[in-house]
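Residue numbers (our numbering), protein chains in the order written: chain V, 1 to 406; chain S, 1 to 406.
If you are wondering where the hints come from, they were derived from the structure by calculation, not from laboratory data.
Just so it is clear, CB atoms sit at the ideal spot from N, CA and C, and this is done for glycine as well.
Be aware that a few hints might be false.
As the list claims (entries may be wrong) - Below 20 Å or equal to it, Euclidean Cα-Cα: the simulated SDA-like pairs (lysine to any residue) are:
1. S:Lys24 to V:Lys385
2. S:Lys317 to S:His287
3. V:Lys317 to S:Cys400
4. S:Lys317 to S:Gln281
5. V:Lys24 to S:Arg358
6. S:Lys385 to V:Leu50
7. V:Lys385 to S:Ala118
8. V:Lys317 to S:Ala402
9. V:Lys317 to S:Ala118
10. V:Lys317 to S:Leu50
Unchecked claim - To be clear about the criterion: a stretch of chain V counts as covered by chain S if any three or more of its residues have a C-beta under 8 Å from a C-beta of chain S, and this derived list gives those stretches:
11. 224–236
12. 307–321
Claimed, not checked - Here are some chain V residues pointing at chain S (derived, C-beta under 8 Å):
13. Ser7
14. Ile9
15. Gly13
16. Val51
17. Gly83
18. Val115
19. Gly117
20. Met180
21. Phe259
22. Ala326
23. Gly329
24. Phe335
25. Ala355
26. Leu393
27. Asn401
Number of protein chains: 2
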Amino acid sequence: MHLGLDSAIPIPGFRFAGLSAGIKSNGRPDLALAVADEPAVVAGTLTTNLVRAAPVVLTAERLVRGRARAVLVNSGCANACTGEPGLAAARATTQAIADAIGARDDEVLPASTGVIGALLPQDKIIARTQDLVSSLAEDGAERFAEAIMTTDRSRKLVHVRSSIGGRPFSLLGIAKGAGMIHPSMAPATPHATMLAFLFTDTNAHPRALSRALGRAADETFNCASVDGDTSTNDTLLAFASGRAGTDAGTADEVPTALFDAMVAACEQLARMMVADGEGSQHLVELHVRGVATDEAARRVARTIATSPLVKTALFGKDPNWGRILAAAGRADVSFDPSAASIRIGDATIVEGGIAVGREAERRAHEVMVHGSYRIDVVLGRGPGKGRYLMCDLGYDYVRCNADYRS
Amino acid sequence: MHLGLDSAIPIPGFRFAGLSAGIKSNGRPDLALAVADEPAVVAGTLTTNLVRAAPVVLTAERLVRGRARAVLVNSGCANACTGEPGLAAARATTQAIADAIGARDDEVLPASTGVIGALLPQDKIIARTQDLVSSLAEDGAERFAEAIMTTDRSRKLVHVRSSIGGRPFSLLGIAKGAGMIHPSMAPATPHATMLAFLFTDTNAHPRALSRALGRAADETFNCASVDGDTSTNDTLLAFASGRAGTDAGTADEVPTALFDAMVAACEQLARMMVADGEGSQHLVELHVRGVATDEAARRVARTIATSPLVKTALFGKDPNWGRILAAAGRADVSFDPSAASIRIGDATIVEGGIAVGREAERRAHEVMVHGSYRIDVVLGRGPGKGRYLMCDLGYDYVRCNADYRS
Numbered sequence: 001m002h003l004g005l006d007s008a009i010p011i012p013g014f015r016f017a018g019l020s021a022g023i024k025s026n027g028r029p030d031l032a033l034a035v036a037d038e039p040a041v042v043a044g045t046l047t048t049n050l051v052r053a054a055p056v057v058l059t060a061e062r063l064v065r066g067r068a069r070a071v072l073v074n075s076g077c078a079n080a081c082t083g084e085p086g087l088a089a090a091r092a093t094t095q096a097i098a099d100a101i102g103a104r105d106d107e108v109l110p111a112s113t114g115v116i117g118a119l120l121p122q123d124k125i126i127a128r129t130q131d132l133v134s135s136l137a138e139d140g141a142e143r144f145a146e147a148i149m150t151t152d153r154s155r156k157l158v159h160v161r162s163s164i165g166g167r168p169f170s171l172l173g174i175a176k177g178a179g180m181i182h183p184s185m186a187p188a189t190p191h192a193t194m195l196a197f198l199f200t201d202t203n204a205h206p207r208a209l210s211r212a213l214g215r216a217a218d219e220t221f222n223c224a225s226v227d228g229d230t231s232t233n234d235t236l237l238a239f240a241s242g243r244a245g246t247d248a249g250t251a252d253e254v255p256t257a258l259f260d261a262m263v264a265a266c267e268q269l270a271r272m273m274v275a276d277g278e279g280s281q282h283l284v285e286l287h288v289r290g291v292a293t294d295e296a297a298r299r300v301a302r303t304i305a306t307s308p309l310v311k312t313a314l315f316g317k318d319p320n321w322g323r324i325l326a327a328a329g330r331a332d333v334s335f336d337p338s339a340a341s342i343r344i345g346d347a348t349i350v351e352g353g354i355a356v357g358r359e360a361e362r363r364a365h366e367v368m369v370h371g372s373y374r375i376d377v378v379l380g381r382g383p384g385k386g387r388y389l390m391c392d393l394g395y396d397y398v399r400c401n402a403d404y405r406s
Numbered sequence: 001m002h003l004g005l006d007s008a009i010p011i012p013g014f015r016f017a018g019l020s021a022g023i024k025s026n027g028r029p030d031l032a033l034a035v036a037d038e039p040a041v042v043a044g045t046l047t048t049n050l051v052r053a054a055p056v057v058l059t060a061e062r063l064v065r066g067r068a069r070a071v072l073v074n075s076g077c078a079n080a081c082t083g084e085p086g087l088a089a090a091r092a093t094t095q096a097i098a099d100a101i102g103a104r105d106d107e108v109l110p111a112s113t114g115v116i117g118a119l120l121p122q123d124k125i126i127a128r129t130q131d132l133v134s135s136l137a138e139d140g141a142e143r144f145a146e147a148i149m150t151t152d153r154s155r156k157l158v159h160v161r162s163s164i165g166g167r168p169f170s171l172l173g174i175a176k177g178a179g180m181i182h183p184s185m186a187p188a189t190p191h192a193t194m195l196a197f198l199f200t201d202t203n204a205h206p207r208a209l210s211r212a213l214g215r216a217a218d219e220t221f222n223c224a225s226v227d228g229d230t231s232t233n234d235t236l237l238a239f240a241s242g243r244a245g246t247d248a249g250t251a252d253e254v255p256t257a258l259f260d261a262m263v264a265a266c267e268q269l270a271r272m273m274v275a276d277g278e279g280s281q282h283l284v285e286l287h288v289r290g291v292a293t294d295e296a297a298r299r300v301a302r303t304i305a306t307s308p309l310v311k312t313a314l315f316g317k318d319p320n321w322g323r324i325l326a327a328a329g330r331a332d333v334s335f336d337p338s339a340a341s342i343r344i345g346d347a348t349i350v351e352g353g354i355a356v357g358r359e360a361e362r363r364a365h366e367v368m369v370h371g372s373y374r375i376d377v378v379l380g381r382g383p384g385k386g387r388y389l390m391c392d393l394g395y396d397y398v399r400c401n402a403d404y405r406s
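This is chain V alone, in the form it adopts within the complex (with noise of 0.2 Å):
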């Protein structure tokens, strides 16, 4: 399996393209297209907030067939809590483009991003159909990455390319950021906080690949929090054309080889998106095990991953432990804290629940001024273990949510 990052390779069976369409006030890319030549196996997963965006809404609808042709995002407008306006501006876009590509209208998933409570200005997108789909090119996907961007300080892509039974496949994965990252998927009920895409030229069956994302962003975005919150607007798709002629597995298992380019191609987004996480600095893979249960373990993580003050003590690179314990005692697991040891990069600050000293501490700093570290927490004997990747909280995540409307 070769993984690339950060760039885009044509994937046999899609057209991508981007444009401004004037929702964005600063006149930004904020209209994309993906289209599929013959209607693609689709599997989806989305927010499990309660309140949920009319995309979505629709999105949901439209992924029981198993099959679309395109999916249309556009960034600058989440069109949530718009009520029944906001749906039939959903409808009135995906038409349009159904109409220009030639498919049914249900085969056009909408996904949108941007501020709650703004209705979707449908005149400024359907006046932009016509060009949207004549731009449409096998290279176009990086305009696809640009066109969905909010608060990202860059595009998230990336691609991998492997071989099921010889014969070799591609898959390419584009995603945004970058707040109200929180996503917690799973298969039946899933959710995120995010938009991410991956199109990909393998076979197989509609309920093999959707078991194969949510068990795919179970391991990746499921573990990835930005600041905990989680939006109204979370959508992960994955599209397959079959145009590589692969072994399409089991209608229950994707082939092997696909499965882990899902996983991997997931895991570099969930990480591009937390390092681009508003306002962050550093991006921190964290550790937690020791305790009863994956879950407990995950749970632990997941409170600490969250700690404002966690979070604040990695934007100062104070290797301010205690807060780490802190939040471990909070997240009702049960441990012995006096069992307790952490080790950030490969500087162990606490054994026995207590401070190995300042020298461990100095140590400690000096791994903390990189912009990608490890923190192992360990809290005990316990089978248990989980990670989350996490961000910290400066004056620029203040900068970026104090006047975000405008």
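With the hints as your guide, set chain S onto chain V.
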């Protein structure tokens, strides 16, 4: 009932002191003592964080007796995660006080606040014991309040004058914040994320006082949050000297007037703590109703109150109600988003789940420039209601926490 803010009154039977023992590196007062002339009835609620500081462990043991002579409080060092040496230091310092005032060692309760992980400097404290005891005074409560502060911008004092059966009594409350503030106390397994002390000259039975304290805390501190982080050192204690000669009530219930005074004092101290939360510029009283149960309403309120996106919007004076509704939607509580309404001050900005309009949001913004205001979130017609005292998250929160350890 008369309520007085920001100042102390003498409480018959108690004397107070506060001074600098050199625990804080900046030379500010950091050691406080309150002494009852005779053993007072005492009740307490302590952190439920699994990681409990040494003073919390000792105080929990000593509260069982239901009577105590003194509380010794230091700021500048939490004496948490300090193992057996931490317990020994807490024992040695309270023993020194007990010797100096002629009490049994288990009649002196310790409480500490400050950085986690540093061992209590017992020699510094013991060296000042005589000075501390000799400076005890009936009017020393303001010095006590000053000496327990950490990141607080101001002292937190409240007093109540009321009567039981025609006999006057008084109650004095003293507290400190300002971070790791997310109390959630209960009579049985209580916790808090601050230090707070009540002193009254009423009579009370220990069990009744404990029950009353738990209920008072549940109605006040229990629904207050600065940062969502629960401390290792939370301690709320109530002392009753009996010097007012009031009716003690029953073994299970304190007189109503005493309970009301306790609630009033706790409410004011909770408001002061949240208003003075680290970096806080706005105290917001958030009310949620219309869901099935009070517990569900409080869960929604807690989720909104701890959302970084909501808190930064409050800092920005932005009536960004989409973030409020999105936070409600991830609280794992059932409601119909299309029935939701949101009011900031007297400006209704959401009705039927959608925006009322720009003029309403302009009026809401005008409310949000104030230091204190109310937000009402109504999610349907259910009987459940709950509230939270919350604050904003701005640059000063980051400034305060990115280099706390010095």
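Check each numbered hint against the structure and report the violated ones by number, ascending. 1, 7, 10, 13, 14, 15, 21
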